[in-house]
Each structure stands twice: as C-alpha cells, then as structure tokens.
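Make the full structure from the sequences, and use the hints.
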Amino acid sequence: MKRVILPLALLATMGTVSVSAGEQFAMSDADRAMYSEMLENNPADIFVEEGGEIFEEAIGGEAALAKFLGVSEKELPKYIAGFPRYIKKLGNVVGLDQVMQAMQVEQGQKKTELKSGKMFSMLAYVKSLANDEVINIDVTADEHIKAAYVLGKKTYMTPRGGRGLSCNSCHSADIVGQVLRTQPLPDLGDNNVAGTWPAYRMTKSSLRTTQRRFQGCMKNALLKVIPIGSKEMVALEVYVTKLAADKKKSIAIPGLKR
Amino acid sequence: MHTKIKCFAYATLFLSASASLCAVDLTKAYDMPDATKMIEKDMFPAAKAYTMPKSCNLTDAKAIARGEFMFHNLNGQKAKGKLPAGLAKLTEKKGKDGKVKKEPKQYGNCVACHDIEGAKGAGNIGPSLTGYKAMFLDTKARDAQFVYQKIADPRIDNPNTHMTVNLTTGLFTEQEICDYTAYVVSEKKKK
Chain A
28 MKRVILPLAL
38 LATMGTVSVS
48 AGEQFAMSDA
58 DRAMYSEMLE
68 NNPADIFVEE
78 GGEIFEEAIG
88 GEAALAKFLG
98 VSEKELPKYI
108 AGFPRYIKKL
118 GNVVGLDQVM
128 QAMQVEQGQK
138 KTELKSGKMF
148 SMLAYVKSLA
158 NDEVINIDVT
168 ADEHIKAAYV
178 LGKKTYMTPR
188 GGRGLSCNSC
198 HSADIVGQVL
208 RTQPLPDLGD
218 NNVAGTWPAY
228 RMTKSSLRTT
238 QRRFQGCMKN
248 ALLKVIPIGS
258 KEMVALEVYV
268 TKLAADKKKS
278 IAIPGLKR
Chain B
1445 MHTKIKCFAY
1455 ATLFLSASAS
1465 LCAVDLTKAY
1475 DMPDATKMIE
1485 KDMFPAAKAY
1495 TMPKSCNLTD
1505 AKAIARGEFM
1515 FHNLNGQKAK
1525 GKLPAGLAKL
1535 TEKKGKDGKV
1545 KKEPKQYGNC
1555 VACHDIEGAK
1565 GAGNIGPSLT
1575 GYKAMFLDTK
1585 ARDAQFVYQK
1595 IADPRIDNPN
1605 THMTVNLTTG
1615 LFTEQEICDY
1625 TAYVVSEKKK
1635 K
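Protein sequence lines, in the order shown, are assigned to chains A and B.
For the first sequence, the residue numbers in the numbering used here are 28 to 285.
For the second sequence, the residue numbers in the numbering used here are 1445 to 1635.
Careful: at least some of the hints might be erroneous.
Pairs of lysine-lysine residues, derived as BS3-like cross-links and limited to a Cα-Cα distance of at most 25 Å, are as follows [as the list claims (entries may be wrong)]:
1) B:1564 x A:246
2) A:116 x B:1472
3) B:1485 x A:246
4) B:1492 x A:181
5) A:142 x B:1540
6) A:231 x B:1522
7) A:246 x B:1546
8) A:246 x B:1522
9) A:246 x B:1537
10) B:1538 x A:246
11) B:1481 x A:173
12) A:251 x B:1537
13) B:1545 x A:246
14) B:1472 x A:145
15) A:251 x B:1546
16) A:251 x B:1485
17) B:1472 x A:173
18) A:251 x B:1540
19) A:246 x B:1549
20) A:246 x B:1524
21) A:246 x A:145
22) B:1492 x A:251
23) B:1543 x A:251
24) B:1485 x A:181
25) B:1545 x A:251
26) B:1472 x A:138
27) A:246 x B:1481
28) B:1538 x B:1549
29) A:180 x B:1481
30) B:1472 x A:142
31) A:251 x B:1481
32) A:231 x B:1524
33) A:181 x B:1481
34) B:1533 x A:251
35) B:1549 x A:231
36) B:1472 x A:94
None of these hints come from the bench; they were simulated from the model.
Structure, rendered in structure tokens:
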C-alpha cells in the first residue's frame, strides 16, 4: 500500500501568530516532534492493513465490492472517491461502511457494527483503494443525493445543544484561522477532511473516521451526539465531502491528525 | 434469510445465476439509526430579549468570583482547586429511566473565545474583554444591561453571532448570567 504524507496546516499557521507557540497552542514542541516522526510511520497503517485482511477474507475483497457496486475493478477507485452515494439496491445515500454491511448480510454473515474498530479499519482500507484519486462527489447526480446535500447543509448550519452552536459557528469562512482556546479553527474543505479521514488521531491514540470525528466536535461543543450512519450523519459527510471536492482535493488515507 | 435459500434453489434449478430475479431485499440490510428526533429535541427557542433582574448584585464579591471561575473553566470535571462559594462541580439530571444522575456542571469557558485579564490560552473568536470596565462602562459606551443581554442571548445584538447562547438554551440560570456580567464589568487587577 502506498504511503501518503500529509502536511499539517497547523504547522504552517503556527509562525503567523504572535504568541509564544509553546503556551498558545495545544500542540507542544514535543507533540510536534512526535508528529514529524509519525509522518514517516503512520501508526494507522497497521489498522488499514488489518482492515484489508478482514475485508478480503470476510467479504471477498475488491472483486466482490466492485461486483456489488456494479462497476469494474478498474473503475472502483474512482467510484470510491465519489462516496457517499445513492445506491439503488440499498435505497438510500450511504457510506462505504453501510455498503460493506449490506454485503455481509447478502452473504449470510453478521454485519459488523458501524461504530466498531473493526469497521473503522475496513473502511480505512476500502477508502485507501482510492488514494490519489480526486474527490468526485456529484451532489446533483440524482434526487436522493440532492436531498442529502440539502439535509447535510441544514445539519451543518443549525445551531443546537446546550451552547447554541452549529458546525458553522466554528467552521464558517469568516472565522476560520481564528483561535478557539489554543486551537486554530480549520476550514473543512481546505483541510481536506473528506480525503484525510479515516486518520490516526494522536490525541486519541486510535484510528478515527470522518463521522467519528464529527461526533468529537458535537460532544465538545455540547451538541447532542448523533449516531454514525444516521441519515443526518451521512448527509453531513456529503456536505463536507463537497467542500473538499470544490477544492479539488484527493484521497490520502490514512491521515494523521493532532 | 428465506429469500436467499429460495434464491439458491432457483439458481440451481435453472442452472443460472438469476440474481436479478430473486435478489435479497437489501434496503434494510444495513444500519441507519434515527437521528431526526435527537436533533429536534436538541433545538432551542428563537432569540429572546432579557432585562437584567433587579436581584443582580454586580458588586457582590462572591458573584464576581463565580463569574470569573465559570469564565475560565469548561466544566466541573476539569475544574481544579477550591470552587468559589455557591458554585457546584456536579449537577443532578433526571435520566430517561427516571433515575437521578450526577453530571459535571458545565461552565461558560468564555476564555475559549475571549482574552481577559489573567487568561491562559485565550482564543480570539470574540473581542478581547481586557480593560472592559474602563473602556466600555466608564465611557458609557455600554452598560451592564447590554452585557447581560449579550451573554444571555447574543442573537438580539447580532443575529449571525458566533457566540454561544447561554440563557435561552437553558444551560445557565439568571443568577449565573448575573455572575458572568458582574465579572466582566468589574474592575480587575492587571495579572
């Protein structure tokens, strides 16, 4: 598998703020040294590899996935780079994790839980098949994805929870780069969220997925944490994937995050 | 699973893979938990105007101390050291099962967005509130009522605010909004 090295926007923004970096930012000098080291050797590689093995043995690998999705193996990477998608036989706009669940059920197996580490690993592997592909989600492809995009935008913009915040409160263009308690606020498109998760999250010492990362922000900002795979969660991923597509970002899995 | 067994039977019968004829219904084969109701329940009322209650004592040292503590801390779980009088580390909440559960008390963590005297690791999403009394109260550019409203529900002053809503969401009580107000408008030593 190809190794992907991601520069961290954080590192670049650091010099521009006139406060002592050690005190102001949540990433200490020691953390940054560790980050550079991990760039060489992403701890998530092992999870991705493991995910690949399970995917191969339990579901039948790329060939089975391509067949299930009705594309050739050659077309598969490009097709993966367009998820979440409306999959007719599943009747919904879904993520690749849900596609794998349906494959498991079709094959008479027990489906792996969406929020399990095992599924995170499989998802990371399957998404890594599309590494270097430009994200090509088409949010106008059909009425279903159109509706998902609208729902995603709404979910992103709606303030709720104990503090009355929305995703947009902290990630809107007019506020990106400002500092929230030692952390610069990232632009989710520029930061290529859609192309860099699943990622190894250093502060959590584990592999996390895009939707799991969304849950992290919900929890911190006191928004009720909604479940992985729910319509709104998939829609949120559609919306955030479009942000990366607009910036012509490519898939680079596994990412490495603070 | 029945459909599937039948499916295999047909397939062998006709010696052909009749996948399209007897495909398993996969529309329920994967998880898609409901979040719509969770989000609905998580919504809060539209912008609301408030009048600072007469009971707000802006010079009460204890209120200022509580306001200061809540301004600089995220919640009771992370709060270290002795708490100011009248402030709790935990709150009690009735769970779905009717049992009362203890949860960490949430504070404003205003320092995430605002610099102020003595702040550590302050953010800059909101304006610095350093020297607030001299700059805004003494010059009569603002009054305590403005500050109270801002903290209670900033949407009245700015419908597109990035600031947290603190009273209309029910996270804090009127007294706690008074505490914050008292702290913000108080004279502070340079730290």
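Problem set entry | Hints violated by the structure (numbers, ascending) | none
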